[in-house]
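There are 4 protein chains.
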Amino acid sequence: MTKSDNLTHFDLFSPTDFRYSVRDLLPYLSEEGYVKYKSRVEAALAMQLSRAGICDKSVAKEISRACQQISAKEVYAEELRIKHDIRALANVIRRRVSDKAKPYVHLTATSYDIVDTANAMRFKDAMKSVVLPDLIRLERALIRISRLHTKTVQVGRTHGQHAEPVTFGFFLSYYVSRLGKRILKINDAVNGLAGKFAGAVGVYGPLSLVVSDPQRFESELLGTLGLGACEVSTQIVQPEAVTDLMHSIVSAFGVLANLSRDLRHLQRTEIDEVSEEFTLKQVGSSTMPQKRNPISFENLESLWKKFMPQMVTIYMDQISEHQRDLTNSSSQRYLPELIVAFDYCVRRLSKTIWDEDRRRPRLVVNSVQMKRNLESSMDQMAAEPLYVLLAFAGHPDAHEYVRQVVQRSIKSGSSFRKIVASDPQLKKYYDKIGNELRFVENPVLYVGIASKKTETVAKNWERILSNLR
Amino acid sequence: MTKSDNLTHFDLFSPTDFRYSVRDLLPYLSEEGYVKYKSRVEAALAMQLSRAGICDKSVAKEISRACQQISAKEVYAEELRIKHDIRALANVIRRRVSDKAKPYVHLTATSYDIVDTANAMRFKDAMKSVVLPDLIRLERALIRISRLHTKTVQVGRTHGQHAEPVTFGFFLSYYVSRLGKRILKINDAVNGLAGKFAGAVGVYGPLSLVVSDPQRFESELLGTLGLGACEVSTQIVQPEAVTDLMHSIVSAFGVLANLSRDLRHLQRTEIDEVSEEFTLKQVGSSTMPQKRNPISFENLESLWKKFMPQMVTIYMDQISEHQRDLTNSSSQRYLPELIVAFDYCVRRLSKTIWDEDRRRPRLVVNSVQMKRNLESSMDQMAAEPLYVLLAFAGHPDAHEYVRQVVQRSIKSGSSFRKIVASDPQLKKYYDKIGNELRFVENPVLYVGIASKKTETVAKNWERILSNLR
Amino acid sequence: MTKSDNLTHFDLFSPTDFRYSVRDLLPYLSEEGYVKYKSRVEAALAMQLSRAGICDKSVAKEISRACQQISAKEVYAEELRIKHDIRALANVIRRRVSDKAKPYVHLTATSYDIVDTANAMRFKDAMKSVVLPDLIRLERALIRISRLHTKTVQVGRTHGQHAEPVTFGFFLSYYVSRLGKRILKINDAVNGLAGKFAGAVGVYGPLSLVVSDPQRFESELLGTLGLGACEVSTQIVQPEAVTDLMHSIVSAFGVLANLSRDLRHLQRTEIDEVSEEFTLKQVGSSTMPQKRNPISFENLESLWKKFMPQMVTIYMDQISEHQRDLTNSSSQRYLPELIVAFDYCVRRLSKTIWDEDRRRPRLVVNSVQMKRNLESSMDQMAAEPLYVLLAFAGHPDAHEYVRQVVQRSIKSGSSFRKIVASDPQLKKYYDKIGNELRFVENPVLYVGIASKKTETVAKNWERILSNLR
Amino acid sequence: MTKSDNLTHFDLFSPTDFRYSVRDLLPYLSEEGYVKYKSRVEAALAMQLSRAGICDKSVAKEISRACQQISAKEVYAEELRIKHDIRALANVIRRRVSDKAKPYVHLTATSYDIVDTANAMRFKDAMKSVVLPDLIRLERALIRISRLHTKTVQVGRTHGQHAEPVTFGFFLSYYVSRLGKRILKINDAVNGLAGKFAGAVGVYGPLSLVVSDPQRFESELLGTLGLGACEVSTQIVQPEAVTDLMHSIVSAFGVLANLSRDLRHLQRTEIDEVSEEFTLKQVGSSTMPQKRNPISFENLESLWKKFMPQMVTIYMDQISEHQRDLTNSSSQRYLPELIVAFDYCVRRLSKTIWDEDRRRPRLVVNSVQMKRNLESSMDQMAAEPLYVLLAFAGHPDAHEYVRQVVQRSIKSGSSFRKIVASDPQLKKYYDKIGNELRFVENPVLYVGIASKKTETVAKNWERILSNLR
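Residue numbers (this note's numbering), protein chains in the order written: chain L, 119 to 587; chain D, 119 to 587; chain A, 119 to 587; chain S, 119 to 587.
Same shape as in the complex, but just chain L:
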């Protein structure tokens, strides 16, 4: 532990603190915030001891007041002396209360009754108060932009190759749906967080000495903190609740990384369909003044690469020997960083695509270029509708026929649509096909139900988000 008072943000190693920080999360996820939450659990314990008739209400209130005054600084100073973080906290609280109250501080608790409960609380609060609202804001921005582009045609790309037309709104609605579902998953995982008050090995030893129904004591205590109790604990709560929460976050991070990857490639010079806004004072490159780089999309993908593999740590932390070993302790102290980095990315992506003040997109969408790109491949794009319509009209080998004509068209450089239009053998099928031939003649029309789907998806998620609890 290195603790000086003349610290600046540049005397640090971790970029999460000086570069990718989210100030709004400090009350929950900083070390100071952590100590505050642990103090709140100690206070709640005192109140519950009084409720259970073990100490006077006045004693409980005295302890509770003391708990509100604790700072991380003094707890760390005490830990340095006695080398135990939670006993240090208890000592610091005890110093602030009367002799009468002293015995009731931390009474019946084991360290991890405090630690695991405080973590569940602060993760829950951080998610409910900051991260989920940020995610919902991002989702709403995506919905709005998708609606603006319900009919903006764009070429669909598979394998990086032009495939068939979509709309830019439809492209986004795929992310609206994926991100929406992840928001629900995160919300469920947050609601699954639980605390514990079951003692050093999970059998409620100390509580059994002083109350008749230890499980009721536990659930009442946790209830005042807004948490449920873990069905069975050892010294620690079952690790799966936190594992599920982190999975929900990491898999949501993956959705954002995919969106960033897509937007980043759509900003390629040759494609040029979208771009990040670029301010006048901004420098694109230290030596190539003309550059416009997708730095926010790149940043997000980079932070995803950094934090996604932390799931391996989290899976490894599922294993704790017997009634627990401590090998999950230091590693778990890094869980807040993952939440901060994720939220930083959510906010940065929001800001990159949407101007909240002016309620309009900040993402630059070049719909003229989208159309141009689409049209550059339009001739060959007629192949699929033609093949389906021919088969539908009874052609016995439509796919193979079309495949060969495409090859010929490529080889000869002549238009696919011209070749097939003039093929006398197709005449009888064309007659059957009738009006639907327009999709072959003008494949830009061939967007299926893209627009309708975009609208359906937008409505669905607006409804779900407005009911989210």
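Warning: the hint list may mix true and false statements.
List time: in silico SDA-like cross-link candidates among lysine to any residue, alpha-carbon distance up to 25 angstroms [to be verified]:
(1) D:Lys546 with D:Arg556
(2) S:Lys577 with S:Lys218
(3) S:Lys570 with A:Tyr547
(4) S:Lys218 with A:Tyr547
(5) L:Lys570 with D:Glu338
Treat the hints as calculated values from the structure; they're not laboratory data.
Use these hints to put chains D, A and S onto chain L, whose structure you have.
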């Protein structure tokens, strides 16, 4: 692709096929099984085309019959020729049907309509038919053994150190609860698997040409296969459903690895509380005939180490560019292996701890040694109940008092309980404490509500499992 | 273990065996090959026992002959009976020899003397005989193609944006250098593999009973197998040698994945600078006959995603408790798969870019399109050389000046080069700059020493490869 | 970026900054240190420009002086304005120099010429000045302790089961060897770090405009900074050098984690062979005053679990598209954290096992208990030497014979050594075996060459370390 007909299990590279294989999963997860599932989707498509009035019912039946005859071998032979796996399948089906039926084979489908739907089906079937039943069997075995040891005292260990008493049944009930919850998680994830029939870029282009309501066509088709439709697809279904399934499996794997780690350490020579059964013909070591090694527990932990990091691949596969790139294709072909290895471990652990035929534990539990280990630390174990009872009785500094006596007891080698029993300053507190002093005198009693909890948990999960759907 | 004799490649779960297999690696890395290698170690042990005077030479020869006849099938059958793989091997050898020879089979050896030594041997042989030659072939193909395009101009891209000119040969020489260095790294790691013959806990217990210098016995024995001895072993060799080997492979895999990623994106419809060859019978898509997909590049990146995270397993396997636990055993059985998948990718990439038979590239390079892409950005690309030349000529604020002109040029749509050419304030600098202004007027020239570097790198690696041992 | 001036260590998210920090690494790896290193590269560039005759020496000195005064704070303030970190640095330097010098600041450089070179330098300095010396101190402590216990017998354990005797010194010498080799690996990797000065796409565009031999310019410049040049760069140096460095660190971390795991388990209550020192004021548990927990060993394993998976990020960062994308930028900013956490662990482990001031072990080794544990299994431990000696004496089926006697001994509870001593059939072999029978009678002697090996290894590494450069 290497395909010879004179193959033995020893001409292989992957242990999943010759060493950790589960024969019961072959119909779902082998390559042959995969081709069968893809054929079933092609058949269902033909039937739906007929239902939608696009082809005759007789045509659909003809195709359907052909689909049932397809073998992996002929599909691979065709793929070798044309280098496309799904078009190869379509060609092979087409060869088997009349000219009248040919145009309707695969009509309106894109490859991944078939692939993603077939994967959802076979993963679902494998999980519902084999893996979940195996898990439930294991969970039931754990419940039964936990009940046999509701009152078998054992020392609780934290940091590898003797802490406070638990019961062996309670120890197991922690796993009953954790595994139970994972079973529900897996079941939910399986139910979340979805198929798709939305064409090459997700906008239902081909279907739009031939039916008026493509989404209805899709949901009817998938309904006949027992699946729902993905809300929005690109060429592929949203990757999160499979990601969640694999997370549920990998996190369940972690629970089993933790149990194996615990049992493995309880088998240490010095601890000797449990052991794997050892048959008479078995060889413990090639040169140390006396060895009894926890090889099944070790094996499980080793396979967990092998397969857990595959989650990284799965998270990376959430990213697919634009309407999809193919960089998730080869990697996804390895998903079945993860399921097989997990199921192998579930079965092996089941067999190691429970004899299904004789309906009794196969895990050797040495309750005499458990008691002996517990008793070896009993003197100092009185410290916690004494501290709590003293504090409860009004001692102003009970924890510090007890801490110092323990230090003294260790230093002097004299009994902690003797020192505290004879300390005159404690007299007045002892009077207040009264009968509860028995926990100090005989800490074996200090198991809290371990037995009751074991029974509650057992009942809870028996009830849940019997309702599982 | 599932062992039937009527096995086909489609009754398997792992794609490494039916789809991404490398037949040439079977003798080393299949289970049959593994048993053969273990038998060779047993044979070498017998020979060394005779060399040390412990048994007759005839006995050693008898054992050695027996070892050559062992098949995996019979070893597995015996293992099924006695549940120990190496004792099973010893039993099977013993059955084949006279009573006189029986005692000397496996004498003084512990299982992992055989296992770890056999693994070191077969990994070494597989790498030296197959993988390294394959890598060298790939490296030579890259060198050749780089030389063909020493002067083929291409736009350099940073952040997906056009930056400054390079040549396609230079682009490849970056990979020649990276892959070359990885080949050396792999070669070093292979040479670092070691065996052991130090008994069950590493102190040469059994050997100490029968020879005076057990370390000499060990190094002579291993010497006959082409291996050195590990400095200190426990039951197992130190894990770092294999860890380093796998790191060298995985990091080489990363280089190939990067090259594939690049080539894949260069094949995008809008960029169209390279493409995989496409045969006439090949089907691009099951419904979009016009598609030309970069499937080999995608395949490689996908297999990299699958196998790279196995490094996590390998790092976890560095930890083995005390003189070893078995939790690295099952996981290590999967190491061969990683080597096979890597080699499959090396071969596939080689074949995709180079036609060995006709000794010419198979990768289609569209140098016309490369030039076209470069020229599309040429106007703004003049910015950097201008800025540097202006600064060089004494302009006090060249970067800022150029940055502002670029902004103006973008806003107004007028040519950057025209604006700067007509700016009277630059006149005096232009006079100083003189002839070098050609880089501003025609930035295609601005390729620095790209061509020279390409040639230097090519020569360097040809030389190194030809000396590789 | 959040930058306040009233920051304390508790307003942070990352434990690397407030809990696991290493103050001695701040000059290299903090953000302030990073800015200092980048300034040094800018200064070196100015000096090289003067050496190449491009600017006056006085100009170079002016820039160099300015570079020494730069603080992170002002660079970040400028970055906030123009959104580009390196151009911000250049601007801040420019502000400090005369108009005459301004044009030469950053001239010919691209951002990553500065960034990658600065990173190579500071990683090298941090490793050479702090981490490697710390590692060598730890290695020396291990050597010393191993020597103190050359003959301290301990039971060797495989699978957690007593196997055969070793010595505690031998146990440690396995780690001396493993860690020693990792130190060499790290040292090699550090020496492999390289810088670059090749411009925005690697072809030395800007330098080509102003010097005749850009590669010489680069290697001279880097030479003044103690670095070599990367053979071919794009915008960035080849990623493999850093990948190798991080692999060497992470694999060394694994060795320390294994040692910690071992020592942690040897501290188990039932085993009790070693323990961490425990100070008088230290609190073992918040409610169980008797606990002595292996918290430093647990801490180390936990931090290993946290940081090891970062290798996945590092492998992913090998991929950068074309001449580079920025998706490795944010992730690379976290590399220092990995080095800090590793060094924190090296120091903590050193301090836990060795008292540098008093030059004696701080690790508590309980050799009495080691002997006791060994002796508890001694009877069965006679099995292996007996089997080997019998076989050596010509017994045709010694292993099977011994295996059966062991089974009988276990079943009947009678002594293995007694049964075999009284078996008349063994008489003739015993006569042949002679004096060597002492290993059967007293298997404590059966430590092979443990002591000699310990000494050899100690000497070897003392020699190597003293020559390390």
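*Would you check the hint for Lys546 (chain D) and Arg556 (chain D), treating anything up to 25 angstroms between C-alpha atoms as holding?*
Holds, at roughly 16 angstroms.
*Given the hint that Lys218 (chain S) pairs with Tyr547 (chain A), does the C-alpha gap stay at or below 25 angstroms?*
15 angstroms, holds
_Hint consistency between Lys570 (chain S) and Tyr547 (chain A) [alpha-carbon to alpha-carbon, up to 25 angstroms]_ = 77 angstroms, violated
*For the pair supplied as a hint, Lys577 (chain S) and Lys218 (chain S), is the alpha-carbon distance within the 25 angstroms limit?*
It is violated: about 61 angstroms lies between the C-alpha atoms, which goes past 25 angstroms.
_Distance restraint between Lys570 (chain L) and Glu338 (chain D), which requires alpha-carbon spacing of 25 angstroms or less_ = 19 angstroms, holds
Hint compliance for this structure: hints 2, 3 are not met, and every other hint is.
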